[in-house]
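Engineer: Going down the list, the protein sequences come from chains W and X.
Take my numbering: the last position of the first sequence gets the number 1210, and nothing is skipped along the way.
Take my numbering: the last position of the second sequence gets the number 300, and nothing is skipped along the way.
Hints were generated in silico from the structure; no laboratory data involved.
Where is the CB? At the ideal position from N, CA and C, for every residue including glycine.
Do not rely on the hints blindly, as some may be mistaken.
Said to hold, decoys possible - Simulated crosslink set (SDA-like; lysine to any residue; CA at most 20 Å straight-line):
no.	chain 1	residue 1	chain 2	residue 2
1	W	K332	X	P139
2	W	K332	X	H76
3	X	K97	W	G615
4	W	K768	W	G615
5	X	K97	W	R328
6	W	K1002	W	E98
7	W	K332	X	S144
8	X	K97	W	G211
Claimed, not checked - Which bits of chain W does chain X cover? Going by a derived footprint, with three or more residues having C-beta under 8 Å, they are:
no.	segment
9	308–316
10	1187–1198
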Amino acid sequence: MLLRIATFEVRSRLRAPSTYVYCALFFVLAFFWVTVAGGGVKGVNVDFGASAKVAVNAPYAFGLLALLTGNFGTVITATFAGRATFQDVEHRSESFFFTAPITKLDYLGGRWLGAFLSSLLLYPWIALGALAAAHGPLVDASRVGPDTALSYLAPYATILVPNLVLTTSLFFAMATLFRRMLPVYVASIVLVLGYILALQITGDISTRPLAALLDPFGSNAVDRITEYWTIADKNTRVVPFAGPLALNRAVWMVVTAALLAIAYARFSFTDRGARAKPHAPEARSPRPNTPPHALPTTTLDFSRAASLRAMLGLARLQLRETVKSPFFLAVLVAAGIFVAVAGAEVDQMIGTKTLPVTYVVLEVLGGAFTLFVVVLIAFYAGELVWRERDARLAPILDALPVPRWVLFGSKVVALFGLQVFLVAALMAAGIVLQLAKGYHEHEIGLYLRTLIGIRLVGFWILCAIALFVHVIVNDKAVGHVVTIAYFVASVALPLLGFEHHLYRVGMLPDFKYSAMNGFGHFVAPLVAYEVYWGLFAAALAIIANAMWVRGAAGTLQQRIALARATTPRTTKRIVAALLVAFAATGAFIFWNTNILNRYVPRTTEEGEKADWEKQYKSWEKTPQPRIRALTLSVDFFPESRAAKLRGTYALENASGADIPRVAITLPQSARGVTLSFGRGERRTIADERLGFFVFDLATPLQPGEKATLAFELAFENLGFTESASDTRLVANGSFLKPDSLPIVGYDGSREVLEDATRKKYDLSPLHVAAPGDPYASARNYGTSEADWVDLDVTLSTSPDQLAITAGHLVREWSEGGRRFFHYRPEGKVMVFCSFISGRYEVVRDVWHAPAGAAPGTRDVAIEVDHHPGHAYDVPRMINGVKRSLDYFTASFGPYQHEQVRIVEFPRYARFAQADPGVIPFSEAIGFIAKVDGNDPQDLDIPFYVTAHEVAHMWWGHQVVSADVQGATVLSESLAQYSALMVMKREFGPVAMKKFLRYELDRYLRGRSSAKRAERPLALVENEPYIHYAKGSLTMYALADYIGEDAVNAALAKIVREWKFRGPPYPDARVLVAALREVTPAQYAYTIEDLFETITLYENRATHATATKRADGKYDVRVEVLAKKLRANDVGVETEIPIGDFVDVGVVDGDGNVTSVQREWIDRPAMTFTVVTDAPPAKAGIDPMGKLVDRFPDDNLVAVESK
Amino acid sequence: MDLRIERLSKRYPAGVQALRDVSLTIRPGMFGLLGPNGAGKSTLMRTLATLQEADAGEVKLGDVDVLHDKDTARRVLGYLPQEFGLYPKVSAEDLLDHLAALKGITRAGERRDAVHALLQRTNLLDVRKKPLGTFSGGMKQRFGIAQALLGQPRLVIVDEPTAGLDPEERVRFHNLLSEIGESVIVILSTHIVGDVVDVCRDMAILHEGKVLASGEPAQAIAGLNGKIWQKTVARAELEGYERDHAVVSTRLFGGRTRVRVLADARPDASFEAAEADLEDVYFSAIKGLGRA
């Protein structure tokens, strides 16, 4: 019987056309995903989490696809599973089934199974869509691996089917318990919230296990398993049903089973009547009908005002009903939990939190919350549209003498009101969150501007669209799916190369609030698009009103005909007027984004890069003059977001040959360009689109001959742009990077980097020159067309701003209502310098050279130019500068500038960099950090970033590498090492453990998703995960083996030999050789392991026992397993014999290493005894995590007492 | 003010012709629309209640074009649909008040009085504070008529209101209807002949979308006077009678079957004369008896 009921349900589903629409949706979704991931859309590179090195049909890649499409499928499952029992409530057919000779199990089980199987029938289309795309003509064959049945089937077993069991059961239980559909949708919202919440807390390594458990869809559990998988793993391995995933599935299955059990227990065939309250008692003895007296006459008011009041009354009623519903309360509670947890993790970097300043809170709450609100809008739009029909009150209401707009208008107002309610709740949540964190600068104005001016308007536009969809579709379940599909599509369109907001219905452009620059130039496009989509939404609303179903619906054609016939001419004119205004606004936007400015979608951008390389690469090795000096003036006009650059390059032909033609590369955004050598040259190439110019000199430049290039160019911002808005020039905090200057010769940094993308444009993979390459060794990797240069810069800006660049301030003056600053660094520098203008508060300090410092060491002025509200972390930065100068001047040699000046720039970018004596430092990565000074594990991020950048004054500005493989080791890895050592000295080794764990995470994740083949550290090709993360680990480990002093001695020697030298420039070989020299023989192997190969470990502690000794100390016996591996460039790892010194140690209850000894490990399984004073908690191998270990969490094991 | 229906036709997308050329003129008073299930009654009622589009034809209430000027028609319309629900958690008084406001009774005092009077009239005053979810079928139906009478409608349409009511409730309901049916047009659709006999001054019989007969019930019955004959037969003989005679109806009566036939003269001696009633009119109409 159970099976018969189930098959009946499935058969009914198969007869419904919507089922086939859903199948098609899955197919199309999967098809597009794989096509896009496979590079089938030119100019679009999205890998959806799997790197371009992972085949699109690899088990891992298909697993990701299955996960996300499965999540989308939840909307459909909600309908299927919810209606499994609700259909009987809705159609009043309960009594047929409840009186039939079937058991409760037959009925519930059959219906559950029917719903489950119906949903399951849709899922093969995901695999079919993926398969079709992978073997379709659009996807490059090189991106497709061998199909294995397992790779397509495994995700079904581990993810899709368990998720379907979970969601089907949850929704089924909800609908069965409450006999309504609303709780089902609420449950789906809660599921989505759980998923987002889990995602939110993955930034912090320590909460990742929780995230893996919390996520009802299991995707964070999968991520936890695969986070350190190599490319080879991802291409071949199937996500095992083990560890966090199995745990996650088990927990959620228990939840599911409990829900089903409750639903089963509470469900009864007979208690319908009993549960329905007893009939109202009525005076049964029929009072003979009251005498037939006339009913009181009433005055009927059909005026417009009365209708308006009726509409508002209806709206209020519906809003109250919605907000007061226990299900809405459930949603709010879930959202509250979300706020509490997500808010607690206002993360910055490496587990250090930021201050909960208003814009950060708004981003955390607003960002992820938006998805939640969008789902809410979709569902409540449906609920409202169907409210009367669901209650079957529609025939009465529809025949009432109220105009149609009263009925539909009340829905609009109610849904709009709901958004106001949500936004108010969001604001309250934000303020409570701030208060809870002891932060009291609430910035109510910012809350209101963001939440009302941007979020609410955006939500309202979506509301109008969702209502429109529901009215037109006229089927609640299909309406939900269409609405959600619309949301997905508007977000996904850019992935297919359709980026412009002009056709992404209802979408507002992104914006970024900065404390320095406020909403800045994001306001204009936001307002324009709000007006644009607002007009559109208004037109949709009026059309939806005309199409509003009153009485019998009829076919869509009939409804359209009726709507036309019944809509007054004035209304049609209003719609026409709205659409005209919409088009006019669109034209205005288009004029701004595509005519005043260039609209450069990613497709075009990528194509231009490829064009650049194809057309001009031949110039790369054509000898060009070198820059010897730069005299420059930069005039900032912050109000109009413009800047004017005028300057002169002193050039010299340093090549051995005549130079008849000089090439100049300019930023593509440069306008008003004049370039002049003043020696009768002729311009033969002038490519303004790509920014490439070539001049034929009247007389070639002889070897050793000097010349000057006078240039003038301007950057301006007219109107507003589409997505890529110019954040270099803003009202406050303009930040022109070095790439704003003309480049002499061909600029290689503009080339397309990724192999997969290059292939699309028929470009062969890029190869960075090998160390020793004579051409590349003659160029440094920072400023390839210049060597050591004399710099002289005059800046001017508005009178209320400071303008800053490299060097010390020679003179400052005012003239013609503008402020001028003249900067000149001592000595020759790299032309790696930025130009900044903003309103700053300046904090000054001095670092005093210690007595007995090396010759050449002198006092250094310290200056932090910060946004007036951002004084929080300035002392940490100043401390960072001082401790860095202490350490570096003592270890590496004198500092070369008169000052260290830190300058804050808006958070449009998140980095800091080192210019000669100046450190531009993003607002986002240290100015609002909230460091807990009492927690030794809480890393002082402002201090760290400062130390890293100060270290660059040596590594990058004194010693600079040739433009070859391994270049960034000499800058970034050494800056990381230097910063680490300063931090270790300042905060102690305990803080280092956490830092190293994050670096390990970054390295392993980085290599797991690398887009290019991994190389050993000494041959790194500018990959951050290698030169920062692996660099830190490597240098820290080496210092640990051979001693900090030995490492520093080697580094000091490099500085002595290579300071301000080149061409030819040094490279990583210099470093490796210097280190090898200071490394004792027994550790010689480490140089090869750390620098020259990719070496990994799989170390594990298996057992530890402690025995208390007579002297109060403890003997801890530790059994460890050790394994050493070598990886090739795609991550294929082979075990090699181990013969290494590795730490074996004991950790106390607080996680501090109390005793550690270095042991020689030459067998896979060994046992050691460590003596410790404090009671041991855990013991194991490599307790500090210095080695690269893919499973770092099993290094320690709890100690058993004997 | 009469309601004039002229050549009204409606075909559903599925192909069912629900109304064919329906023409009727309905004067104030109770009007019974009789027809079997599926005759098109509800389609006609919904069309008159502005909730269904017609393909062709015209409906005029006085000067008001019901089909095209729906908003005006709704101002004088009271409608009790065949099937409807009520918000289960709202009280009768509150919902009626809410509906009264939507009917255009915007003055609070008047609205209160009207709601009170209607609740009293429909005998729901005692339970006015009770949630509607606790109402029995009869109470619900009475609530339905109460809301239909809000705002002095000129045209009241009640669609199969007595289906599912017990006899006592039905009588009460009829009384209520006939009270109001004195100055306004009340159209009552039903498939129960008794409903029409009890309360209607005029009637029409609708079958397969066509009006088969219309007029005053008494007149229609008079047309059959002296033509109805009845006889009690064994069940086995029934088939023969149905073949040989114009059988209007057969009814089980104490275990045996009583056949009524239509004939200008007594078919044979075994038949006895019977007094024609509305049921004979109804059945002979829908069976197409007595016509060429």
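Engineer: Would the pair K97 (chain X) and G615 (chain W) pass a check requiring their Cα atoms to be no farther apart than 20 Å?
Structural biologist: Answer violated: K97 (chain X) to G615 (chain W) is near 63 Å, above 20 Å.
Engineer: Is K97 (chain X) within 20 Å of G211 (chain W), Cα to Cα?
Structural biologist: Status violated; Cα separation ~47 Å.
Engineer: Is it true that the CA of K768 (chain W) sits at most 20 Å from the CA of G615 (chain W)?
Structural biologist: Measuring from Cα to Cα gives roughly 10 Å; hence the hint holds.
Engineer: Per the coverage rule (Cβ-Cβ under 8 Å, at least three residues), is the segment 308–316 of chain W covered by chain X?
Structural biologist: Since three or more residues must qualify, the claim that chain X covers the segment 308–316 of chain W holds, with 4 doing so at under 8 Å.
Engineer: Can the segment 1187–1198 of chain W be counted as covered by chain X under the rule of three residues or more with Cβ-Cβ separation shorter than 8 Å?
Structural biologist: That given contact is violated, which follows from only 0 residues of the segment 1187–1198 of chain W lying within Cβ reach (below 8 Å) of chain X.
Engineer: Take a quick look at whether K332 (chain W) and S144 (chain X) sit within 20 Å of each other, Cα to Cα.
Structural biologist: violated, 27 Å
Engineer: Could you grab the alpha-carbon distance between K1002 (chain W) and E98 (chain W) and see if it respects the 20 Å cut-off?
Structural biologist: Between K1002 (chain W) and E98 (chain W) the Cα gap is close to 57 Å, so the pair fails against 20 Å, i.e. violated.
Engineer: Is the straight-line distance between the alpha-carbon of K332 (chain W) and that of P139 (chain X) 20 Å or less?
Structural biologist: holds, 17 Å
Engineer: Taking only the CA atoms, is the gap from K97 (chain X) to R328 (chain W) under or equal to 20 Å?
Structural biologist: holds, 14 Å
Engineer: Quickly compare the C-alpha distance for K332 (chain W) and H76 (chain X) to 20 Å and report which way the hint goes.
Structural biologist: This hinted pair is violated, its Cα atoms lying about 40 Å apart.
Going through the hint list in order, the structure does not satisfy hints 2, 3, 6, 7, 8 and 10.
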